[in-house]
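Asker: Chain residues, written in single-letter form:
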Amino acid sequence: MAKRSAPEVNAGSMADIAFLLLIFFLVTTTIEKDSGINRKLPPIEETEEDVVIKQKNIFTVLLNGKDQLLVEEELMELKDLRAAAVEFLDNNGNQSCTYCNGAKDPSSSDNPDKAIISLKNERETSYAAYISVQNELVAAYNVLRNKRALVLGSQEGFLDMNFVQMQKNYKDARFVGNKTKLKEIIDQIKIEYPQKLSEVQ
Amino acid sequence: MSKFKKKTDGGIPAISTASLPDIVFMLLFFFMVATVMRENSLKIKNALPVANQVEKLDKKNPVSYIYMGKPSTGYEKFGTESRIQLNDQFAELSEVGAFISAERAALREELIPFLTVALKVDKEANMGIVGDVKQELRKVNALKINYTTGVGDAMTNMN
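Same order as they appear, the protein sequences are chains A and B. The numbering of the first sequence is this note's numbering, which starts it at 1 and goes up by one. The numbering of the second sequence is this note's numbering, which starts it at 1 and goes up by one.
Please note: incorrect hints may appear among the correct ones.
Simulated coverage check for chain A against chain B, where a stretch passes if three residues somewhere in it have a Cβ under 8 Å from a Cβ of chain B [to be verified]:
no.	segment
1	33-41
2	127-139
Computed list of lysine-lysine pairs in BS3-like fashion (alpha-carbon distance at most 30 Å, straight line) [stated by the list, open to error]:
no.	chain 1	residue 1	chain 2	residue 2
3	A	Lys104	A	Lys114
4	A	Lys190	B	Lys59
5	B	Lys77	A	Lys171
6	A	Lys190	B	Lys56
7	B	Lys56	A	Lys40
8	B	Lys70	A	Lys54
9	A	Lys40	B	Lys60
10	A	Lys66	B	Lys60
11	B	Lys45	A	Lys33
12	A	Lys183	B	Lys43
13	B	Lys60	A	Lys181
14	A	Lys168	A	Lys54
15	A	Lys196	A	Lys54
16	A	Lys66	B	Lys139
17	A	Lys40	A	Lys66
18	A	Lys120	B	Lys45
19	A	Lys168	A	Lys179
20	B	Lys144	A	Lys114
21	B	Lys144	A	Lys56
22	B	Lys144	A	Lys179
23	B	Lys56	A	Lys33
24	B	Lys56	A	Lys183
25	B	Lys56	A	Lys120
26	B	Lys56	A	Lys181
27	B	Lys59	B	Lys77
28	A	Lys79	B	Lys56
29	A	Lys40	B	Lys139
30	B	Lys144	B	Lys77
31	A	Lys56	A	Lys181
32	B	Lys77	A	Lys179
33	B	Lys144	A	Lys147
34	B	Lys43	A	Lys40
35	B	Lys139	A	Lys33
36	B	Lys144	A	Lys54
37	A	Lys40	B	Lys70
38	A	Lys171	A	Lys66
39	B	Lys45	A	Lys114
40	A	Lys79	B	Lys70
If you are wondering where the hints come from, they were derived from the structure by calculation, not from laboratory data. Note that CB positions come from ideal geometry on N, CA and C, so glycine has one too.
Okay, chain A solo, but in the shape it has when bound (with noise of 0.2 Å):
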């Protein structure tokens, strides 16, 4: 028998493959992008007035040097302090809050636009504990201004769509829908619902 030699493989083709796989993954892929919590520092004023603050107003939350929790003089565990931030939040005290579901505690805060949350650590805190805190904080924000979200939303048109999902459809360029409408909405929740949290050195 006559040993035929292996036929050629026509290579011509492989470059089409090729560009089809790269022009694939130069559309698939995202550079991972950074996230964090955002914050904004108090600038430092040289004429300071002191505003008188009501107690009742004020929640105060100390981390301390071996990263316990002190909530209002009281030792807390991390995992509660979400609850108890969203009842100081949506407490109502003076009864001017309409879209507020508190417990109209006279002693504890007025309404959300009163209320600070005031968050101390010392020199010793660790890094780790001091974000879980931060976390734990801005989420009994966005409890409550989820809860807003449902039932604004609802009036105008954006049903099942909670403060969070707003932001995040805000910010999307592929997002179908009146966005002028949605800024309103976010900007009117987050006037309802202020993040005021102060962190103090």
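With chain A's structure known, arrange chain B on it following the hints.
Answerer: Then chain B, alone, in the frame of chain A:
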């Protein structure tokens, strides 16, 4: 005349190059998967804590990074306490202000108010150094900050 021609055994047969693209692709994919994009080479430990109430850091606005953490292996001579890293080198607290000024100088004027400072802090660092840096940032009026974190359950940070 024989039917069976004797093969002329002259010259080396050409090597098929058809498999060359495969090899190149293998390399391409390997590096594609293994590449991590990073602006600075870190001289410190930088395991970020995780949180779930995060917002994306908007790259449309200018971002400056400040890293903090313990010096990593190979840099033990800088001590075991948490240190600040700016760009590619260790820095003192007093250099933070100058760093922000330099970052601002490199920006177009209209973007300066939108400069965000991203704090990339190791989760084992303590708040002392972070508080000091925050104070320095207040002094130079760089008030927009972002605690950069990973995404995950915040309860897992502490253990």
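Asker: State the violated hints by number, sorted upward, taking the hints as numbered earlier in the document.
Answerer: As far as the earlier hints go, 5, 8, 10, 12, 14, 27, 30, 31, 32, 38 and 39 are violated by this structure, in ascending order.
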